[in-house]
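Novice: Top to bottom, those sequences are chains A and B. Letter by letter, the first sequence follows residues 1 to 81 in the numbering used here. Letter by letter, the second sequence follows residues 1 to 154 in the numbering used here.
A portion of the hints provided could be inaccurate.
[Said to hold, decoys possible] With the C-beta cut set under 7 Å, the calculated list includes, among others, these residues of chain A facing chain B:
#: 1; residue: 8
#: 2; residue: 10
#: 3; residue: 46
#: 4; residue: 49
#: 5; residue: 51
#: 6; residue: 53
#: 7; residue: 56
#: 8; residue: 60
#: 9; residue: 78
#: 10; residue: 80
#: 11; residue: 81
[To be verified] In silico DSS-like links for lysine-lysine, alpha-carbon gap of 27 Å or less:
#: 12; chain 1: A; residue 1: 13; chain 2: B; residue 2: 92
#: 13; chain 1: A; residue 1: 32; chain 2: B; residue 2: 112
#: 14; chain 1: A; residue 1: 13; chain 2: A; residue 2: 32
#: 15; chain 1: A; residue 1: 71; chain 2: B; residue 2: 126
#: 16; chain 1: B; residue 1: 126; chain 2: A; residue 2: 13
#: 17; chain 1: B; residue 1: 92; chain 2: A; residue 2: 71
It should be emphasised that the hints constitute simulated quantities derived from the structure, not laboratory data. Remember, it's a predicted structure, so these values are computed and weren't measured experimentally. Glycine included, each C-beta is placed from N, C-alpha and C at the ideal position.
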Amino acid sequence: MKVELQLFGAFRKYGSEIELDIPDGGSISEVKSELERVLGGNSSQLINISRFATNTAMIEDSYELNDGVNKLAILPPVSGG
Amino acid sequence: MNDNNENIFIDVWDVETKSIDAQQALDFVADDANGAANLFLGAVRNHNQGREVEGVSYDVYEELAVNNFRDICEEAISKWGKELRLYVVHGKGRLNIGGLSIVIAAGSPHRKESFEACRYVIEEIKHRSPVWKQEHYIDGDSDWVQGHALCQHG
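Given these sequences and hints, build the entire structure.
Specialist: Structure (structure tokens):
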């Protein structure tokens, strides 16, 4: 399956979007591992304090990915206002 | 954009081309039945944590932010009453010192509700909304503000 992941905030240094290939049946946990592998070692701390979302809602780690293309975003700690 | 609830106005826009308008916010929350209005303005200040700041860029996940602002406003209406009128605009893009990044207005029949609702909306946005600040310092460096981690089940 594919995950098209939008990037915001501190992840912007890696671009505005990144495409990840995840084994079918994979979970958010596999998305985190693949993202860490693609971005490199020092990205793990930021990934671990970030949250995933669709364009309508934040999602839990138990969110079920589909076997096609998943459009998600990774949200680092927020600082609006 | 006007929300499904006609008492709520929510938007995100590029503050490099269109400034935030406090009067528009107050006009929206005014109503013949409302005797109180509160206004919150967020502005870029010239320092943060000991560093001199010359500007801030705001990154916003717009689709999600609009949903999130609506959720927060609906929570406020459920807490402080359906007479409450709320206006929220958050800026995206770069602002210099003094530039307005957010406006929140709350209008209600009595002051207690408008004070509390206005405070609630800004505090929740700061903790829950998908918005990120990048500070630009006078030494030429830039850094993303550390911020609040989004909790699971939050």
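Novice: Does each hint hold? Answer for all of them.
Specialist: Each hint tested on the structure:
For residue 8(A), the suggested interface contact is upheld, since its CB lies about 5 Å from the closest CB of chain B, less than 7 Å. With a cut of 7 Å, the hint placing residue 10(A) at the interface with chain B holds, because the nearest CB-to-CB distance is about 4 Å. Proximity of residue 46(A) to chain B is violated relative to the hint, the smallest CB-CB distance being about 10 Å (cut-off 7 Å). The interface hint given for residue 49(A) holds, since its Cβ lies 5 Å from the closest Cβ of chain B, which is under the 7 Å cut-off.
Hint on residue 51(A) holds. Least Cβ distance to chain B is approximately 4 Å, under the 7 Å limit. Taking 7 Å as the C-beta contact cut-off toward chain B, the hint placing residue 53(A) at the interface holds, the least distance being around 6 Å. With its C-beta approaching chain B no nearer than about 6 Å, residue 56(A) sits inside the 7 Å limit, and its interface hint holds. A hinted interface residue such as residue 60(A) counts as satisfied when its beta carbon comes closer than 7 Å to some beta carbon of chain B; here the least separation is about 6 Å, so the hint holds.
Hint status for residue 78(A): holds, given a least beta-carbon distance of 5 Å to chain B, under 7 Å. Interface hint status for residue 80(A): upheld, as the beta-carbon distance to the closest one in chain B is roughly 3 Å, under 7 Å. Hint status for residue 81(A): holds, given a least beta-carbon distance of 4 Å to chain B, under 7 Å. Between the alpha carbons of residue 13(A) and residue 92(B) the distance comes to roughly 18 Å, so the proposed pair stays at or under 27 Å and holds.
At roughly 45 Å between alpha-carbon atoms, residue 32(A) and residue 112(B) are farther apart than 27 Å, so this suggested pair is violated. With a C-alpha separation of about 17 Å, the suggested pair residue 13(A) and residue 32(A) falls inside the 27 Å cut-off, and the hint holds. Of the pairs offered as hints, the one joining residue 71(A) and residue 126(B) holds, with about 25 Å between alpha carbons and a cut-off of 27 Å not exceeded. Annotation: proposed proximity of residue 126(B) to residue 13(A) holds, straight-line Cα distance about 23 Å (limit 27 Å).
Under the criterion of a C-alpha separation no larger than 27 Å, the hint pairing residue 92(B) with residue 71(A) is consistent with the structure, at around 22 Å.
In this structure, the earlier hints numbered 3 and 13 are contradicted, and the remaining ones agree with it.
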